[in-house]
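Heads up: the protein sequence lines correspond to chains A and B, in order. To convert a position in the first sequence, counted from 1, into the working numbering, add 173. To convert a position in the second sequence, counted from 1, into the working numbering, add 39.
The set of hints was computed from the structure by calculation and includes no laboratory data. Where hints are given, some of them may not hold.
[Unchecked claim] Distance windows between CB atoms, simulated: (1) Pro371(B) / Pro415(A): 20 to 30 Å; (2) Leu255(A) / Leu827(B): 29 to 39 Å; (3) Asp218(A) / Ala175(B): 21 to 31 Å; (4) Ala192(A) / Leu741(B): 50 to 60 Å; (5) Leu221(A) / Leu741(B): 29 to 39 Å; (6) Gln812(B) / Leu221(A): 52 to 62 Å; (7) Ala226(A) / Pro381(B): 35 to 45 Å; (8) Pro647(B) / Asp340(A): 50 to 60 Å; (9) Ala600(B) / Lys350(A): 18 to 28 Å; (10) Asp645(B) / Leu221(A): 50 to 60 Å; (11) Leu827(B) / Ala226(A): 48 to 58 Å.
[What the hints assert, rightly or not] Computed footprint of chain B on chain A, listed as stretches where at least three residues anywhere in the stretch have a Cβ under 8 Å from a Cβ of chain B: (12) 200 to 212; (13) 266 to 275.
[Claimed, not checked] Not everything, but these chain A residues come out facing chain B in the computed CB check (under 8 Å): (14) Leu297; (15) Val300; (16) Gly422.
Glycine included, each C-beta is placed from N, C-alpha and C at the ideal position.
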Amino acid sequence: MSEAAPRRRLDAGLAAAAAAGIIVVLAALVSLTGAFDAGLALNIDARLAAPSAAHWFGTDPLGRDVLAMIAAGARVSLGVSLGAVAIGVGAGVPLGLVAAVLGGVGDEAVARFNDLVFAMPSLLLAVLLAATMGPGPANAVIALGVFNVPVFARLARAGARTLLARDFVLAARVAGKGRLRIALEHLLPNLTGLLIVQATIQLALGIAAEAGLSYVGLGAQPPAPSWGRMLNDAQTLTAIAPWLAWCPGIALSVTVLALSVLGERLRDVFDPRARR
Amino acid sequence: MTGRPVGRGWRPGAALLATALLAAVLLPARSAGAAPSATSRNDAAITLGMALEPPNLDPTKSAAEATEDVVYCNLFEGLTRIAEDGSVVPALARAWTISADGLTYRFQLHSGVRFHDGTPLTALDAKYSLDRARAAGSTNPLHDLLVAVKSVDVDGELDLRIELARPVADLLTYLGWGNLVIMSPLTSARAATAPVGTGPFRFKEWRKGDAIVLDRNDDYWGPRARLRRVTFRIVPDSSTSLAALRAGDVDGFENFPSPENIAALAKDPRFAVVVGSTEGETLLAINNARAPFNDLRVRRALSHAIDRTAIIKGAMYGYGQPIGSHFPPHHPAYIDLTGRYPYDPAVARALLAEAGYPHGFAVTLKLPPPYYARRSGEIIAAELATVGIRVTLQNVEWAQWLDQVFKNRDFDLTVVSHTESLDYDIYARPGYYFGYSNPAYSALLERLSRDRDPLERRQMLGEVQRMLADDAVNVFLFELPKLGVWRADLHGLWREAPVQGMDVTRAWLDAPAAAGMHDRSRSLPALLLAAAGLAAAALGGLALSRHVSPTYIAGRLGSLALTLLLASAVIFVLVEILPGDPAAYMMGLNASPDAVAHLRADYGLDVPPLQQYWAWLAGVVRGDLGLSYTYRVPVAGLVAERLAVSVPLAVYALVLAVLLAFPLGLAAAARAGTRTDATLMGLAQVGLAVPNFWLGILLILLFAVQLHWFAAGGFPGWDAGIGAALGALTLPAIALAVPQGCILARVLRASLGEALREDYVRTARAKGLSGGQALWRHALPNALIPVLTVVGLQFSFLLAGAILVETVFSLPGIGRLIFQATTQRDLIVVRSVVLLLVAAVVVVNFLVELSYAVVDPRLHQRSGA
């Protein structure tokens, strides 16, 4: 197989993705320090300024700097998505491991639960949940996190089941280790790679979903900027201020792209069998 | 995956069916365009956009402004009516006399007036309507204003007499408002969904979530309307309103929800921009009963801290007149009090310190959906921050606003526009949400209601304004403007809005109308299409099942049923805890608690939850999904209407996704390992990272706003012709299809790559087949199986997950239905539709699993694994 050429090219893509990802993370971190706060202050006389040296990405209808808003929005996007992944890992992995180790009724129950949540139209239910609990970033984390639980539960369960047949598990069992200890000491460490890959992918999906929620007004609430709401606000202004529609959308797409490229590259590393 | 080539995996019949479907979807797209309709100048049809959909069409039952916008004067008429200048003029009553003591009103009705169902109007109908409005337990929003009415009597076929217990100076005005229109006892019960009035337009149809259509009443008793048809189209997002207007989806907005675009529209010769005023006093409303706002100094500090001109400039782009009290500037008795509390943060800080808050305090500002509220809120928060008041903004939907703020008075601050005309009496209502109570003010209103001397009244109205300003009850921001924008050749719409309503009775179009679009009745064909699709799926399942053991199917069916039951329980619990009170939402702003309780009983909302759950399940099993709380029509019908959009959209998007994925995937696989492969798959990776709603926005920008190739949003219905309907679905389908197609392409590429490395492909190559032949004849059939699985999953995703794209394009699809129903707390709709969608996903998964079992019979033998 002549894999060499595309592999290098993929690495170039990876480098670009990593660079983009780093920029977004940096922007989020810098916005934490308050460096962008001046740009977030209302300045109605300076509104709807086109991109310029003073405002790289222009200003919004209330005169805020779009670059500052995107940086602050990155913080929200990453925060919500990380939180949702944390819920998924925190609840899903123990659930999947326990199911795999115990087998029987518990296993069946976890499988049914997974099927149930997978059958739910996730975006719609996230909207429903966020609307129910009241809009806001904390509730967005929960609404998105719930749908990460079965993803990780299923992954942990499947991974653990293949590992259970391996020799080192048998050895541990012969050594008299309990089921839960085996799960913790032998199964979990061997699943880490798979979990990291999946977490990266879910992070990308979560960022897109968070933008969707805030697009319909259920994500972070004003005045905290968020990419989805910026896009919604931009829609009436496409004719006057097209940069308002372009900039957050590009930031969003680049972030999602960077994370998904990263996820695939990690899969190549951790799961060599999945390589072409 | 097994390496065995599958002969029966790809059936010629299935291929034919797919081709036929493709042809059906794609072929008529251009051929059946809009038929030219040469309508004469007095016989045009127009489409007007409106932001909020009415919850129902009975203005005598609820205070929903959107209801009156559609039916007032167009469909229903009262004894009197309000003219554009705010004066009271005769309507169904051609004349009246008032006794000297102001206690007896005698009305003579017009003769020859007929309701739309043909029954003649008599004084009995008027008596019936007024008695119904003032009866105990009536949900009429004006109920409280009619308590002074002692009796309504019929003196002759066309003679009506109203006796009052005490003089009511504004009685003739009240009788001209939309809540006191005259209905017939024969039809009033159906008014919510099939209103029958006496007006120049009659009800034609209501496509939920999309449009309400009125047709001219050719038997009208007065001068006939000049327009043949008026369609009120719901354009829920102010973000799509401009595109809808420019794309010609609507001919105008009585009140355009996007002031930032008014300046550009005014320069556009295609449109007339007519800026007037409403009766809407826009307030930063304050909870006067709650500390620290029970301190006058704090309220005055707020008034000093707010810069009205900044809000009018920033949120309203300069439209809207500043006000200093609760009174419209265009009224003759208006006095300018905007200088009462000049903008001065230093004074505000001093007042706060004096009141004991030198370092300010923290409050929550709840903001309902209208754009003026949300935008003002951000500016107000920033302004209050400069005087030390830390504001948390909380966006709420109307249902929550009514429930939390209006009903339960659980708020600190809110921004809202009070659009009822001359509603200064709300400040004297006990228990009103402002929490304001001042005996002197109540006494003043009492005197005002008895006095009919114009000069004295004017003086007292001045007193009213001054007292409210002195007490700084609220921060009075601006009079909500009426931003009329419509086609330059459309005339006769109102500049001002002295009463809630959008009068189209005198409107006409100059030119022969090319806008006779959107003529259609019901969308049956689409329903038939959907049914045919389901039947085909079921038949396919049956055909497959011949290869699968019955026990396996039974087992899977059992677990399917169990999943659905579990899902129903989860959904019910989820939906039951939705905060908010549907009854309060439906009743609108000025409903009495009594009336709300009545309605709750009517809809079975007072029964224990478990009982409600069983009743619901039993109904679902029977196919009866109940009655929508807000629309008051069967949910099954609503769902059918929405599926007629969502199912074709999902199919259309899936077809496009497949058309994108196959060339991409095959081209990449044919050149596996080359630069082309990497480039194509890199492109696919970019494509799937683009969020579909952003893609939708960009598509609108390019194809609707710049190029005018497609409509910017909205759905004309299938009766407008398949071409027009598919045209409206094209951009949304593309937005949905690109990310899905890219996913599919990558699955296809990966699956082909795997198949190409299998031994049988090598064997085929060794036997002398070219790479292309091996790909087509051996690798592709095997690679299709995972692809078909993904296609199945994508169909259910597209059906349920199109909510964002539906929002971008204002499509009345199933996702929007759930979103609207959620925000309106229409529990019945939410739970049934979510369950339906879950069922759809589960059934598709089931079919996919069955097809797996068919392909690989070993699977069902170890089904427990």
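Q. Against which earlier hints does the structure fall short, listed by number upward?
A. 1, 3, 4, 5, 9, 12 and 13
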